[in-house]
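Let chain G serve as the given structure and place chain A on it in line with the hints.
2 protein chains.
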Amino acid sequence: MSTAAILGGGVIGGGWAARFLLMGWDVVVYDPAPDAKTKLDEVMKNAKRSLPALSEHALPTMGTLAWADDIASAVKEASWIQESVPERLNIKHDVLKVVQENCSKDAIIGSSTSGFKPSELQEHSVNPSQIIVAHPFNPVYLLPLAELVGNAETIKKAQIVLQGLGMHGLHVRKEIDAHIADRFLEAVWREGLWLIKDGIATTQEIDDAIRFGFGLRWAQMGLFETYRIAGGEAGMAHFIEQFGPALEWPWTKLMDVPELTDDLINKIATQSDEQSGMHSIRELERIRDDNLVGMMRALKARGWGAGKLLNEHDQKTQPEFKAQNDELINSINRAIPIDWTDYNGHMNESRYGQVFSDAADSVLRMIGVDQAYIDSGSSYFTVDIHIKFMEETLAHENIKVYSQVLLGEGKKLRLFHQMMSEDNRMLATGEQMLLHVDLNTRKSSVPEGEVLKQLNNLAQLHADLPHPGA
Amino acid sequence: MSTAAILGGGVIGGGWAARFLLMGWDVVVYDPAPDAKTKLDEVMKNAKRSLPALSEHALPTMGTLAWADDIASAVKEASWIQESVPERLNIKHDVLKVVQENCSKDAIIGSSTSGFKPSELQEHSVNPSQIIVAHPFNPVYLLPLAELVGNAETIKKAQIVLQGLGMHGLHVRKEIDAHIADRFLEAVWREGLWLIKDGIATTQEIDDAIRFGFGLRWAQMGLFETYRIAGGEAGMAHFIEQFGPALEWPWTKLMDVPELTDDLINKIATQSDEQSGMHSIRELERIRDDNLVGMMRALKARGWGAGKLLNEHDQKTQPEFKAQNDELINSINRAIPIDWTDYNGHMNESRYGQVFSDAADSVLRMIGVDQAYIDSGSSYFTVDIHIKFMEETLAHENIKVYSQVLLGEGKKLRLFHQMMSEDNRMLATGEQMLLHVDLNTRKSSVPEGEVLKQLNNLAQLHADLPHPGA
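In order, the protein sequence lines correspond to chains G and A. For reference, each letter of the first sequence is one residue, going 1 to 470 in the working numbering. For reference, each letter of the second sequence is one residue, going 1001 to 1470 in the working numbering.
Rather than coming from a laboratory, the hints here were simulated on the basis of the structure. Idealized CB from N, CA, C, for every residue including glycine. Heads up, none of these hints are tricks.
Stretch by stretch, here's where chain A covers chain G in the computed footprint (C-beta under 8 Å, at least three residues):
{"no.": "1", "region": "282-294"}
{"no.": "2", "region": "371-381"}
The list that follows gives simulated cross-link-like pairs (lysine to aspartate or glutamate, DMTMM-like), each with its CA atoms no further than 20 Å apart:
{"no.": "3", "chain 1": "A", "residue 1": "K1117", "chain 2": "G", "residue 2": "D198"}
{"no.": "4", "chain 1": "A", "residue 1": "K1045", "chain 2": "G", "residue 2": "E233"}
{"no.": "5", "chain 1": "A", "residue 1": "K1197", "chain 2": "G", "residue 2": "D177"}
{"no.": "6", "chain 1": "A", "residue 1": "K1412", "chain 2": "A", "residue 2": "E1450"}
{"no.": "7", "chain 1": "G", "residue 1": "K443", "chain 2": "A", "residue 2": "D1342"}
{"no.": "8", "chain 1": "A", "residue 1": "K1443", "chain 2": "G", "residue 2": "E391"}
{"no.": "9", "chain 1": "G", "residue 1": "K157", "chain 2": "G", "residue 2": "E77"}
{"no.": "10", "chain 1": "A", "residue 1": "K1039", "chain 2": "G", "residue 2": "E233"}
{"no.": "11", "chain 1": "A", "residue 1": "K1308", "chain 2": "G", "residue 2": "E274"}
{"no.": "12", "chain 1": "A", "residue 1": "K1174", "chain 2": "G", "residue 2": "D198"}
Listed next, with one range per pair, are the computed distances between beta-carbon atoms:
{"no.": "13", "chain 1": "G", "residue 1": "N398", "chain 2": "A", "residue 2": "N1440", "range": "20 to 30 Å"}
{"no.": "14", "chain 1": "G", "residue 1": "G303", "chain 2": "A", "residue 2": "R1414", "range": "31 to 41 Å"}
{"no.": "15", "chain 1": "G", "residue 1": "N333", "chain 2": "A", "residue 2": "D1438", "range": "25 to 35 Å"}
{"no.": "16", "chain 1": "A", "residue 1": "R1173", "chain 2": "G", "residue 2": "T38", "range": "36 to 46 Å"}
{"no.": "17", "chain 1": "G", "residue 1": "T441", "chain 2": "A", "residue 2": "M1426", "range": "19 to 29 Å"}
{"no.": "18", "chain 1": "A", "residue 1": "H1238", "chain 2": "G", "residue 2": "K316", "range": "36 to 46 Å"}
{"no.": "19", "chain 1": "G", "residue 1": "G235", "chain 2": "A", "residue 2": "M1426", "range": "43 to 53 Å"}
{"no.": "20", "chain 1": "G", "residue 1": "P32", "chain 2": "A", "residue 2": "A1234", "range": "14 to 24 Å"}
{"no.": "21", "chain 1": "G", "residue 1": "R173", "chain 2": "A", "residue 2": "R1282", "range": "30 to 40 Å"}
Here chain G stands alone, though its shape is the one from the complex (with noise of 0.2 Å):
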């Protein structure tokens, strides 16, 4: 078990706790604030309903959360030490200070920073490559990117760990002050102060021409893949060619900054009220959640940008299930995602049946129809279920399916799922029929020997159990 120090446990600081926690670590916190307590456990609320669903499986047993009463004691067993404390430099160095005269010589000390330098945090250390920009994006537990900035071997350790985490971390190569998404941020509000200040837009104008448009772009492509397309097979240095010369137009104000008067910040508030205010924070958090959780899920099922990374991390923690004994096959472990939810407020009747078509998957994994024996032209298709619902589920439930081979001969397997609530009550059961097909014929067919013997194996495995019934 590895174990993580978190010094100051604000938005960011609770959002990285929260994600080693999920993630299977040990977190000691050390947060001198007196209401330090309270905001970790809100940040927490939400990540335990959110992270979870990002994953098409049960995540590791959660660690142990302790609070330290000083940095040297928090950072003592820790292999990652994060520092977000508040952004003042001589803050930070009496911080890393502390923090490398009691920390392992090999533990990682990474810092939220979104504007210091590693070399500026590093002046008087001692073991300067140690200390790293981490730099995550809020809400750490659900987006995958932190911005790695400083000693390339430290970096490359740190990735792992990011890794593990289900975290990108992008390796930004050269220090520079607020590394790279921030530079884009400051330049996008700077704009966004000067046309609230001169009337042009309010801020739920500037959102929408943000969200209908360019912003759902770039959840998925970034600047420059987005424009490569649209220079078409032109190609992208045609695409620059065309639009070069608007940059010398006199489209933005940004070279100047526009003064925040009590004025400017009063309009900015008052509108921000009109757009948002009719949900609390806490609301607005949860919207965010769920709207990201669900959009995180869409690039998952098309195996692209943070879905894409998502799909790797599963892959790497996936259970593997094995057919020792004639034990029913816990095939499903996992917590319903947001997005499987109707109007009635429970698990929409179709997701059952998903349940079950990913039970039988984890089931076929186990008779060696993986995606290699799958690109090799065979698969399983489904011809017959019958599903009974007996209990309602609802989002953030965490659930299990147990499996059992009622038949397995030839081209036909015959499943029984029965789907349990963390608790052991029984939500429904599915029946499934399933035939081996030839991808190319599209035709049903035998399967290839080695399959067929785990199969059979499989079926006289689960013979002596008790049949489920009707």
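For chain A alone, coordinates are given in the frame of chain G:
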């Protein structure tokens, strides 16, 4: 039937044409380019495989496409004229002059210009209020945003037309170079060029910094709502005061424009090849469109952002089902969206269940079980379904479902659904048992008087139909 005239049929004009056509408008295109028909054909192919998937029911019958030999004949019958000719003001003036000499006084003339203001377009015009900016975003057939600038009365009319096309016409109330969204895009583009020129990041690294972080956020909330959350309960004004000082830091090079030397252009083009060169532009377009459809459908399930627009459009265009006679109910007409397919390349088995669940919803709406009824505390839950899978169904195919009431008595409702291909092959059947439920007690109950009456009436009408058998 309304007619739209499309002047200039490139990616943008073609995207407009595709959206109008698929939403049931007749379209006349004028584009003198020799490859105009090939280009439009390519956009149409993309649009046909993606736009229908955004709706939960079939789109209207497609309009007819005609090609005009000149602008005069193109615009004669049109109630909407969309100009997407090259971004040179003298060309636009020439085109608009001929348009206004030949079109109806009531027609709306929209310009796709990303840079010119309406006052510039309207110079020398005899009927200036007719000309507005209607600036869309690529791909026009999927993204809902169009920025509208110009006469407020014309824009009100335009917004209604765009709503009918499933779009959101954002009224930009003060004219300004580049409207709203492109100001942000230009700011980000400039910053991106600097990062590449200075060797800080590659196109791939920049795109990852966007799509793994803030890009995901902006697809559902924009800049200000996102920061409102970051500000927390302390409020937006507090957030700005905190974030404000960073605006004065030297984080951005945006005050300066990088020179587009051959070296820089070549650097970007090479990096872009390394990043995306393994895909053709056509492939990238389809990857992008599938991603967008998947994410927009995810937002639809959440009723938020672009998904909220889609739901509103669905609701407005939802077909009425009437139980006037003793025929089977055509409960579903729709295309199979890409996110319903699995690794076998066909519709996942669970989505058959979803189609039948949706078919049941259609039948339920017929007997008065609508959102208001559900809000009043009652609904139907499925307790049992038996699905037989007969043929595969692939993404983008059109399907229809015919539903029959086998039993409608007290709290019980038994339905039989037949899912058919466009050419009437039987794809699957589903026999489904539903119970009426009191949503407060979550226990079965008898429906209220009017629903029960309509249920019995429908059951009566279907009693004489042949029983579909086992």
